[in-house]
Amino acid sequence: MGREVSESCIDSLLTEMVSTYCNRFYANKPELAARRIEAIGYQVGHQLSERYTMDRPRFSDHLEAIKFICKDFWSELFKKQIDNLKTNHRGTFVLQDNRFRWLTRMSIDQSPENGASEDTSIMADNKAVQSMHLYFPCGIIRGALSNLGIPCAVSADISNLPACSFVVRIKA
Amino acid sequence: MATTACFIIVSRNDIPIYEAEVGSAAKREDAAQLHQFILHAALDIVQDLAWTTSAMFLKAIDRFNDLVVSVYVTAGHTRFMLLHDSRNDDGIKSFFQEVHELYVKILLNPLYLPGSRITSSHFDTKVRALARKYL
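Protein sequences appear in the order of chains A and B. With my numbering as the guide, the letters of the first sequence map in order to residues 1 to 172. With my numbering as the guide, the letters of the second sequence map in order to residues 1001 to 1135.
If we strip away everything but chain B, and leave its shape as in the complex, we get:
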């Protein structure tokens, strides 16, 4: 079953620090830019919604055609955003929680400047493996 999914991590200063296409469908060139555009456009909505609740997982907050944007906000206001076409809320929540653990491990690296791009290939491999497992 082919799914499209695009995952980005946005820091508290609204700078994307990580992005990955994690769907199992074939990658199309125009689709990649469209995915990023939709995710960035959803940032405003996340901003408003983040102050209304103290939960971390804000489920589906925006839709575009048949694609849905789900968001997970950490206490340090780092946003994990996933653009997907499936309806698997629990799987997405577990995916976000595991990526949060990976993210904290990256942060604990003293040589990592908080707010800069995540360039570790290890992190990339792990995120893709998690996406295959949960999405």
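One chain only, chain A, in its complex shape:
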């Protein structure tokens, strides 16, 4: 079970998946496209978590499972670990990745120098498209945690690219 795929294939597949769901399948319904992409991520996360926990002992509590996601799971997927993990000890975790691999090819818009109003609406559009790309990794995290017995809701925050934060809220 150890074949490898080139990274550019994965990048192209993900870009095409997001663009197909947003522009062809659910052309004017971004919420439906988002939910569909997240559901795909959920199934993938479910399968991957089962595969990567095969050789290690099981988890005794939620924090162990989150640490597994930050270290082993993230390194299997992205060859690096999560850079920063914060929690409020009341069921919310923030996982911060300072250079999220799937967003590295995305352009960072500089703020417009002459503040024209068309530019801000283009920027808003760009932000919307960028956030579409994040539903898949959010789904992966949600699927992996649900399989480990932690029902949760995951959202992403890209206020400063290429860093990306995933906020995990555990449902009580």
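Think of the hints as simulated: they come from the structure by calculation, not from any bench. All values reported here derive from a predicted model rather than from experimental measurement. Note that CB positions come from ideal geometry on N, CA and C, so glycine has one too. What you were told as hints is all true, and nothing was included just to trick you.
Derived, one-sided and incomplete: chain B residues facing chain A with beta-carbon distance under 8 Å:
#, residue
1, 1075
2, 1100
3, 1114
Here the structure of chain A is known, so what remains is to put chain B in place on it, guided by the hints.
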């Protein structure tokens, strides 16, 4: 040497997704139902025991007459339960580990809905072959 053995896989929602009689003894009709009953009754014990340890292989957790129930729990809380009359702990552990690999391969199939019954005859053949090898 004839051994009785019944193997089931129970998902995290307590739904059996696979069952097989893998012993080499002759199959008796009443025995099959009894085996299932014993295994399902042992689920409560597995539930309690699974939280006390972080190991995957929980050895023999229950007995009925001379039959013993051994259980292996995965991280996704899927339970592999084996009802047997032999005492071969190492063989059983290797059997569970190999079935775990097969199970992960089934899960990786995108057309398989997690938590539904495993109907692949290939999986069935492989499990029976493993049972003959290790039990």
